[in-house]
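Protein chains in written order, with my numbering: chain A, 238 to 870; chain B, 1446 to 1995.
In short, the hints are calculated from the structure, not lab data. Keep in mind it's a predicted model, so treat the numbers as computed, not measured. The beta-carbon is built from N, C-alpha and C at its ideal position, and this holds for glycine as well. Incorrect hints may appear among the rest.
[To be verified] If you want the footprint, here are the derived chain B segments under chain A, 3+ residues with CB under 8 Å: (1) 1663–1674; (2) 1738–1746; (3) 1793–1802.
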Amino acid sequence: MNTENLIALLVAAPLLGAAVLLCGGRRLDRVGPWLGTLLAAVPFVIGLVLFTDMLGKGAEERSLHQHLFSWIPVEGFQADVAFQLDQLSMTFVLLISGVGTLIHLYSIGYMEHDERRRRFFGYLNLFLAAMLLLVLADNYLLLYVGWEGVGLASYLLIGFWQHKPSAATAAKKAFLVNRVGDMGLSIAIMLMFTTFGTFAFEPVLGAAEETSEGKLTAIGLMLLLAACGKSAQVPLQSWLGDAMEGPTPVSALIHAATMVTAGVYLIVRSGVIFNGAPDAQLAVTVVGAVTLLFGAIVGCAKDDIKKALAGSTMSQIGYMILAAGLGPIGYVFAIMHLVTHGFFKAGLFLGAGSVMHGMNDEVDMRKYGGLRKYMPVTFVTFGLGYLAIIGFPGLSGFFSKDKIIEAAFAKGGTEGWILGSVALLGAAITAYYMTRVMIMTFFGEKRWEPDAQGNAPHPHESPKSMTIPMILLAVGSVFAGGFFSIGDRFMHWLEPVTHHDHGDSPLSAATVTGATMVVLVIGVSMAWVQYGRRPVPSVAPRGSLVTRAARRDLLQDDFNHVVLVRGGEHLTRSLVYVDHTLVDGVVNGTAASVGGLSGRLRKLQNGYARSYAVSMFGGAAVLIVATLLMRAV
Amino acid sequence: MSATAVHNLWTMAAADPIDKIDAPKIEYGQLAPTLIVIGAAVIGVLIEAFVPRKSRYYAQLFVSVVALAAAFAAVVALASGGYGTTKARIAAMGAIAVDGPALFLQGTILLAGLVAIFTFAERRLDPEAHGNRIDSFVAQAGAVPGSPGEQAATKAGFTTTEVFPLALFAIGGMLVFPSANDLLTLFIALEVFSLPLYLLCALARRKRLMSQEAAVKYFLLGAFASAFTLFGIALIYGYAGSVSYGTIAKVVDGTLTTVDPALAGTMGNDALLLIGAAMIVMGLLFKVGAVPFHMWTPDVYQGAPTPVTGFMAAATKVAAFGALLRLLYVVLPGLRWDWRPVMWGIAVITMLGGAIVAITQTDIKRLLAYSSIAHAGFILAGVVATTEEGVSSVLFYLGAYSFVTIGAFAVVTLVRDAGGEATHLSKWAGLGRRSPLVAAVFAVFLLAFAGIPLTSGFSGKFAVFKAAAEGGAGALVVVGVLSSAIAAFFYIRVIVLMFFSEPKADGPTVAVPSPLTMTAIGVGVAVTLVLGVAPQYFLDLAGQAGVFVR
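Using the sequences and the accompanying hints, generate a full structural model.
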């Protein structure tokens, strides 16, 4: 059997699901969730088949290619709908469809009481189709289709509860901010077309090494802009926190495990371009390092459990972007952290969703406390995710994050020291804010009270359809990192695509691991001192200047408002002024003079046949004289 | 040989005494379109004489429609028989050319004429008077306006069904005009189609004095222009010793120098050629309404019965541009460097003049008149190209423009108040609210006039401007685009007026026409959209028809 013919099915199955569920009408309301879940599982099963098949081949023969049809066949502009399944894509396919299937399953329980759940599953399927298209495309244009597709699905799902103005606004915000990044990607594709005459991966990446650094830098920076938008990196990070308005499974799947990592995929996929453009690479590492701290600091101050986790997501993707910016030293670790993060962050979000499910959709952690007794499964799975993300020895995050910190030091020179220290500092802050979340939610005294209507929450464990995905993800959070790292399995697996390079670390691996352990302990202890030993006030204290700024997302929206909104308003106002006075002045002046001329010429038309005849006679005379003159000249 | 034959045919006095006259050889088949129309016109005259008054309208309409359809079928048959391309030839002993441009223009004139006849025959717009349906034409042309005789004629239910044969005669002349292959045939065709038009202009049922004034002006100025043309023909004869296009062209080129002894003093005198050519061209420019020979246009368009205006604006322009093209491309290509700059100047002032003066018009018919002047300028830009593409772009433009024009004037006939047609623009305010369909159709025509994409106006304008630019008249294209911008202002202004102004309390009503006018408007809209959306087939057709026979 030609296995490459299966690739299209990966995209087609969820796409079919989306079409059927969105067009199918009310008849499908009852079976919709199960149908959606089934069609999400299809790509996972096919992915496993292809994966097994791939393992049976030599490392160099593993890349599969399927040409579906010619999309835009124009002379000099060939766009194909064709898929490429190599080790990198395979990793993503399994992550996306695997986590995707689990989250579909979880949503069956979570969305049980929602009237529009058929539509919800339709959107989720649409997301899966677009995301798989994004990672399977064999050219940047088709990737762009998937890129926009996941953006659309993200928009629809953030605003799924559109009756809430906050959700509608958040969806719009995500969409608008993403447009800025999308513009970067489209410009990058145009630059590729003018530089290479094509935008298929193979010829572009093949020719990149012989291209001038200036052009590669330009393309690289535009790709980085695209990645910033989709992966919520500074300066386009502002949408991710608000995106938590969407249903929690959406936050887990799209805004934690998969879509937001598309930027990392883009940079790793375009690695050859970045390798030839050190300036662009530096920009990538700076963006990663800044976001890593930014997200971590915001995560420390949030009382909303989902927003705290969103800050954490931002920060963890910062790690991946940082690793991707390091070049061949870091690509493998970026992807490895991406996969382990996919497990534990999805698990954490599902845990958060489970808590909210039992707490009447309350999100304020100050109103939780002591939930471990009421939700044991949630507590254990969330706890394992927590240990994984802070890098507890032996769990997934330990392996992947440690490698990134090591690679950052291995970058060498002052840059290496700075980036390494930032990554280390980030690890400390991660330990702090995650411990804070853990303590405020599951430990201490219970702090929940009846709400305005007098309904007191009755915390309870969630149904099986929700706990089973959480358990499976927890298993991944515990073992994935170790499985990948032992014998450098993951590195060898990806090497044909990403070409690994060890670099020269000034510090030994043991030193880095030791330092990471130290900062881990510091972070956890600080959180314990602050939240474990003292009672947590159920109303947030005023806090220091930094805390207040962090609560406002480090003033990102204020910054955007002052600089972009106000600035934009001033710009438009001055343009309107110029338009009204200068442009309109010229236009109106011209119009007035033409009108005046018209009025004067019109008087020539006086209605007398004799005047008309004179005009004809004069015209004939001029005509004759002019003709004769032409000959004379 | 044909040159001599024609020479002999027209100027027998100058030749030797003739013992016997050879019967001229006439290719009836190739002249069928013209012969059918003229024959039908003669039948129309007989109908006026012999058919009872009650039945005349139906008989005339039937004969006209059948004749025009048959003539069109004959054109199609000739074209598909290859007479437009490989078998193009000169018929009727050198008098008539049967070639691509001739057949294309004849087909256009016949279709435009057919659609125009429908608007002539419209009898449902006005309420019945004295139990008789009435049309746009006066009850009895001879009756003095406002006299008891006129009232009696109206009361008796007279109608001027003579308009049908008159229109057919005019169409017959128009068919010959662009295919005339010698100057005398050209002149006769000019008069054959002009005289019926003068009459038709005088036949409006309402505002009769204005109509008669228009007719007299048109007649006087037309006669004046004809005099120039005729004098120009005489000068050219003096120069070339012949009125045949082919012979004149050869003399201009210098390939023919045989001197007619009687003309030894003048033959080959370039001053005669240049002055004569300028005067003939002036006569044709008068017919197309180019500045500064345009001044009759607004007055006549306004005064004439609106169906006649539409017919005139469309068909006359097609015929006259056809004749102008043939004259410049067949007779005077050797003078290209003399006439091109002059035509260039005429095109510029025609485009700008028409567009600028149109801005301040307040009467819809006058507005459309100035619009037609501006369009004459655009077409001249294609004429100046002096390439085969120039010819075919002009042919396409003429075809596209004529249907828009007839359709637009047909819509004008629908908007009425107590005094007949409500042509003052202020009355059109808010028409879109009251009659959205009619206003939308008119808007389509206006957009086509303005040359907005997806209408035939855009395709046509694009074709002529492209041809002009490739023919080395880039500056002319710039002026053309600027004029289009000015023109767009007053077209769009009417649309704004119709759709975005409050309707007036005493505004006009929109009459529901019979299927005849509906057909005319429907054909106009269909042609406008088809030529706008999918013009390629017709561009190819015009492209194939771009070569003159010499």
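These are the hints, each one checked on the structure:
1. 1663–1674: holds (count 5)
2. 1738–1746: holds (count 5)
3. 1793–1802: Answer holds; 3 residues pass the 8 Å Cβ test.
Checked against the numbered hints above, the structure breaks none of them.
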